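Counting from 190, one number per residue, gives the positions in the sequence shown under my numbering.
These are calculated hints, taken from the structure and not from any lab test.
A quick note: this is a predicted structure, and the numbers were derived from the prediction, not measured.
Just so it is clear, CB atoms sit at the ideal spot from N, CA and C, and this is done for glycine as well.
Just so you know, not all the hints are guaranteed correct.
As the list claims (entries may be wrong) - Here are the simulated distance ranges between beta carbons:
| no. | residue 1 | residue 2 | range |
| --- | --- | --- | --- |
| 1 | Gly-208 | Asp-230 | 21 to 29 angstroms |
| 2 | Leu-278 | Gly-245 | 16 to 24 angstroms |
| 3 | Thr-191 | Arg-269 | 47 to 55 angstroms |
| 4 | Gly-208 | Thr-271 | 35 to 43 angstroms |
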Amino acid sequence: MTTTTVATPIDMLRGLASGLCHDASLSVEEAPGNNWAYDPDRNVILVGAGDLQRKGVLPCAAILAHEASHFHISRYNMYRLTHASVLLLKGMLNALEDPRVNLWIQRRYPGTRRWFQALVAAEGFLRCSIHGPVHLVFRSEEHTSELQSRQYLVC
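Could you put the whole structure together from the sequences, leaning on the hints where they help?
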């Protein structure tokens with residue numbers, strides 16, 4: 190009798206991470222709640238267990254691709270900061286870096302655009318109607334008409 194092993198969602202994301210990062214030594218670990226991050230000191234991508242359970246693998250593949258992009262191109266984490274507001278500064282640098290990593294991964298691996306579209310659908314984001322990578326904007330009833338007038342597509 191042949192037994193078939195079915196990969197768990199976290200195993201699927203581990204396989205994707207290994208391929209996206211071209212690094213078999215990279216680890217992928219579940220983190221509590223919706224916490225996602227790339228930890229360069231440990232070479233680990235943390236996956237939000239709550240997100241994975243609630244959204245499923247395909248939308249979470251987009252978040253994983255985002256973290257894999259940090260693995261490849263983010264460099265601000267190489268500097269040890271002694272600023273008085275280190276958490277604020279790290280948050281600001283990450284906010285500036287996030288659009289860049291999303292654009293990079295979708296250009297490098299065009300197939301990831303489908304993953305970002307699945308994330309858009311799962312989260313109720315708005316997607317900009319321009320050609321190219323998916324741009325995410327939070328949905329808000331009070332801003333919907335304003336965004337539509339600026340050529341944004343309400344998803």
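Hints versus structure:
At about 23 angstroms, the beta-carbon gap between Gly-208 and Asp-230 stays in the expected band of 21 to 29 angstroms. Hint check: Leu-278 to Gly-245, Cβ distance near 34 angstroms, so the stated range 16 to 24 angstroms is violated. Under the hint 47 to 55 angstroms, the C-beta atoms of Thr-191 and Arg-269, about 53 angstroms apart, fit the expected range. Separation of Gly-208 from Thr-271 is about 37 angstroms and conforms to the stated range, judged on CB atoms against 35 to 43 angstroms.
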